[in-house]
Amino acid sequence: DFDPATVKALLFTLLMFSGLRSVGLRLFSMATETYVSGTHSAAFITCPNMEVAKDIARGVVQKKLAACVNIVPQITSVYEWKGNIEEDSEILLMVKTRSTKVGDLAAYVRSVHPYDVAEVISVPIDQGNPPYMKWLSEVVPE
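In the working numbering, the protein residues as written are 18 to 159.
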């Protein structure tokens with residue numbers, strides 16, 4: 018049996034270690050110019066047309082929510098909506114950003130997107146070209 022003070026101390030130590038580990042990995046990454054997996058994410062957003070896609074792409078880059086947005090025209094999305102199977106032509110945005118900015122990115126997209134339920138999903142970037150990842154870090158502030 019552990020007394021509550023010991024449990025609290027152990028929990029505090031574990032939390033501090035994980036926080037310090039994160040800071041330590043970032044400092045190591047900056048010093049050695051290596052990439053820490055998951056620092057950046059690729060987010061995907063679907064848009065109904067090119068005008069909306071370009072407006073959102075420009076907005077996220079101007080607001081420093083992304084370093085780069087690729088606009089992929091003419092995708093076909095098949096999905097269920099209100100009990101029906103739908104098939105629509107859409108535009109796909111592939112957004113490169115810091116993982117810490119994904120929440121702000123999603124909030125911005127929801128505020129300007131014409132869909133009732135805007136698709137904003139992201140995946141962490143495991144590895145990438147080191148100069149590109151460095152550029153991404155320079156363009157999108159923490």
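These are computed hints drawn from the structure, not numbers from a lab. Where hints are given, some of them may not hold.
What the hints assert, rightly or not - Distance condition first, Cα-Cα at most 25 Å in a straight line; then the derived DSS-like pairs of lysine-lysine:
(1) K71 with K81
(2) K81 with K151
(3) K80 with K151
Claimed, not checked - With beta-carbon atoms standing in for the labels, derived distance ranges:
(4) K151 with N101: 13 to 23 Å
(5) I88 with G120: 34 to 44 Å
(6) G120 with V53: 32 to 42 Å
(7) Y96 with E159: 32 to 42 Å
(8) N66 with Q144: 27 to 37 Å
(9) E159 with T93: 17 to 27 Å
(10) N66 with P147: 12 to 22 Å
(11) I102 with V156: 22 to 32 Å
(12) Q91 with V140: 36 to 46 Å
(13) V140 with Q79: 35 to 45 Å
(14) N87 with D143: 29 to 39 Å
(15) N87 with Y132: 15 to 25 Å
(16) P147 with I102: 36 to 46 Å
Just so you know, even glycine gets a beta-carbon here, dropped at the ideal spot from N, CA and C.
Do the hints match the structure? See the list:
1. K71 with K81: Status holds; Cα separation ~15 Å.
2. K81 with K151: holds (15 Å)
3. K80 with K151: holds (19 Å)
4. K151 with N101: 13 to 23 Å: Since the Cβ atoms of K151 and N101 sit about 46 Å apart, the hinted range of 13 to 23 Å is violated.
5. I88 with G120: 34 to 44 Å: violated (23 Å)
6. G120 with V53: 32 to 42 Å: violated (19 Å)
7. Y96 with E159: 32 to 42 Å: holds (35 Å)
8. N66 with Q144: 27 to 37 Å: holds (34 Å)
9. E159 with T93: 17 to 27 Å: 37 Å Cβ-Cβ, so the 17 to 27 Å window is violated.
10. N66 with P147: 12 to 22 Å: violated (36 Å)
11. I102 with V156: 22 to 32 Å: The hinted range 22 to 32 Å is violated for I102 and V156, with Cβ atoms some 40 Å apart.
12. Q91 with V140: 36 to 46 Å: violated (22 Å)
13. V140 with Q79: 35 to 45 Å: The hint (35 to 45 Å, Cβ to Cβ) is violated, given that V140 and Q79 are roughly 24 Å apart.
14. N87 with D143: 29 to 39 Å: violated (18 Å)
15. N87 with Y132: 15 to 25 Å: holds (20 Å)
16. P147 with I102: 36 to 46 Å: holds (44 Å)
The structure shown violates the earlier hints numbered 4, 5, 6, 9, 10, 11, 12, 13 and 14.
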